[in-house]
Each structure stands twice: as C-alpha cells, then as structure tokens.
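J.: What follows is the residue order along each chain.
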Amino acid sequence: MIAPLPASLGENGNPEVWYDEFMTPIAPALPSFGTIPSPILALLLWAVLGLVVLIGVIVSLILFYHWVRYGRTMLMISTGGLIYFIGAGILLVSAVGSLSGYVTSLP
Amino acid sequence: MVTLEKNEQVIERIQKHWFLFAVQCAVYGFLAISPLLILPYFPWESSFPGNHLYLGTFLWSVWLFILWIGLFISWTNYYLDVLIITTKRLIYVNQIGPFSRRISISRLDRIQDATGEIFGIIPTLLDFGSVTIQTAAEEQAFVIHDIPNPSHVKSKILLAQEEAKKTEIPELS
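Line by line, the protein sequences are chains A and B. The opening residue of the first sequence carries number 1 in UniProt numbering; numbering runs sequentially from there. The opening residue of the second sequence carries number 1 in UniProt numbering; numbering runs sequentially from there.
Just chain A, with the same shape it has in the complex (with noise of 0.2 Å):
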C-alpha cells in the first residue's frame, strides 16, 4: 500500500519541506568528530596515512619481488612497474598535500 503524501506538501507545495521534515528524523545517527581536540584528530588522520604507507609499501616490495622473480619480459615489469609506482607516488603526493591542508585549517 502506498503511504498518503504528508500535509505539509498538501499545504506549501514544495518537496524539498516534505523531505526535510519527513526524511531527517529517520536519517541514520551519524558519528560527530567536532568534539574531538584538533591536535588529536590530526594526530588520528596522519596515523591513518601512516599506516595506509606501511601497508603499500609492504604490499609494493611484495609484487615487486614477484615481477621480478616470474615475470616474463623485462618490457611488461619496467612498464608495469613504472604506472604502478607513477600512479601510487601521485597518489600519495594528493593524500599527503590534502592532509596538511586540513590540518592547517582546523580550529
């Protein structure tokens, strides 16, 4: 069965009042970071690119050690190797940039 449309579109005619009103009490809870002290939410953002790097790089050595030791053609590795290392640098350069932007900017 299809609900009966709220008054209040019945009533202003716009949507947009109909969502708010009927849509943020049953909008899930989210978590508020606000609380936290900007030093440590700082601190907890660059803990998490610090250990996002770990991982990469462990992972990075990992493959690397593999094109090296079974691949095929030195073309395929160099190539492969040169978009792989390119793609996560800029990655990391955009993270890294981003983060210190952010950190800067809190209160």
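Keep in mind the hints are simulated off the structure, nothing from the lab. Don't take every hint at face value.
[Stated by the list, open to error] Which bits of chain B does chain A cover? Going by a derived footprint, with three or more residues having C-beta under 8 Å, they are: (1) 41-52; (2) 114-128.
[To be verified] Estimated spans, in silico, between C-beta atoms of each pair: (3) L4/B - M74/A: 14 to 22 Å; (4) I40/A - T124/B: 55 to 63 Å; (5) T79/A - Q9/B: 55 to 63 Å.
The model shown is predicted, which means the values in this text are computed figures rather than measured ones. C-beta: ideal position from N, C-alpha, C; glycine also.
Using the hints, position chain B against chain A.
T.: Frame of chain A; chain B shown alone:
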C-alpha cells in the same frame, strides 16, 4: 620461473583470458568513483571541523591508493597465471595472491585425457573456458579455468603428448 629439463622445449605459453582482468578493472573503476556519488551527501558540517574540501580530497586519495594497490595485485595474479606446454611436461602456475602461489606439473606421458569446456554466454562469445586434464589414476585431475580457446589448447596438449610418445620410443629402443 620453472627450470626446464635437458632437451625440454617450450611449445606454448597460455595466459588466462583478458576478459576476467577487464571485469576486475571495471569493478575497481566503479569503486574509485563511488565516493564522488556518496560524499556530497555526507553531513560534513556536523561531523568534522575545518576545511571539508581538503578532508574529502585526503579521504578520496587514500581510498584510491588502496584501490590502486588492489588493482596491481589483480594484475600480478593475472599476469603470472600461466599454463606452459613443453615437449615433456605440462606446467600450470597458479598465482592465487601475493603470498600464495601453486605450481602443478604433470608429465605428458601421465596424461590420459584432456577436455575443453565452454560454458555461458560471454565465454561462448569471447571463446574462453576451462580445460580439464585427467592424469594417471593416483593423481588428481587438474582443471585450468578461463583459458582462451580451450579446444585449441586441448588439441595442443594431446598433440604434444603424441609427439612425446614418438620421441620416447626411439630413445627406449
């Protein structure tokens, strides 16, 4: 990769079909853009202090970095998975993951039967499927999935086996 025996030559190296890697690439592509569809609806103001554009860029970059590593793990698994038919043996290298690798070797004279199978719409259109190789009774049959042109591969194996038998008989006599 695999050390060849004396007088052993590689007849053919067969890699898995490209379609599987293409599907994985498409999944990674979708996952890469999915934050762009979700993040605009995230209530940044109430959840995080500071400049949200920087934070969004940081989170997306970390997400892309993780996916980038995942994509290259998939590529490595695809690239290092190979079936090698030699004049004496059949070697199947199965790269399961970064820490997992299986090598199955069967001598051609131990092979009893080879079957090629294509199942499904896309495999039929793109001509890829599995090859089952039945070896001597005590040994397990090994199945190689997603091989391009399985009927051709099956014929190659059986032909190599015939050739191996021909060359072994004069050696014995």
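J.: Which constraints among the numbered hints does this structure fail? Numbers only, ascending.
T.: As far as the earlier hints go, 2 and 5 are violated by this structure, in ascending order.
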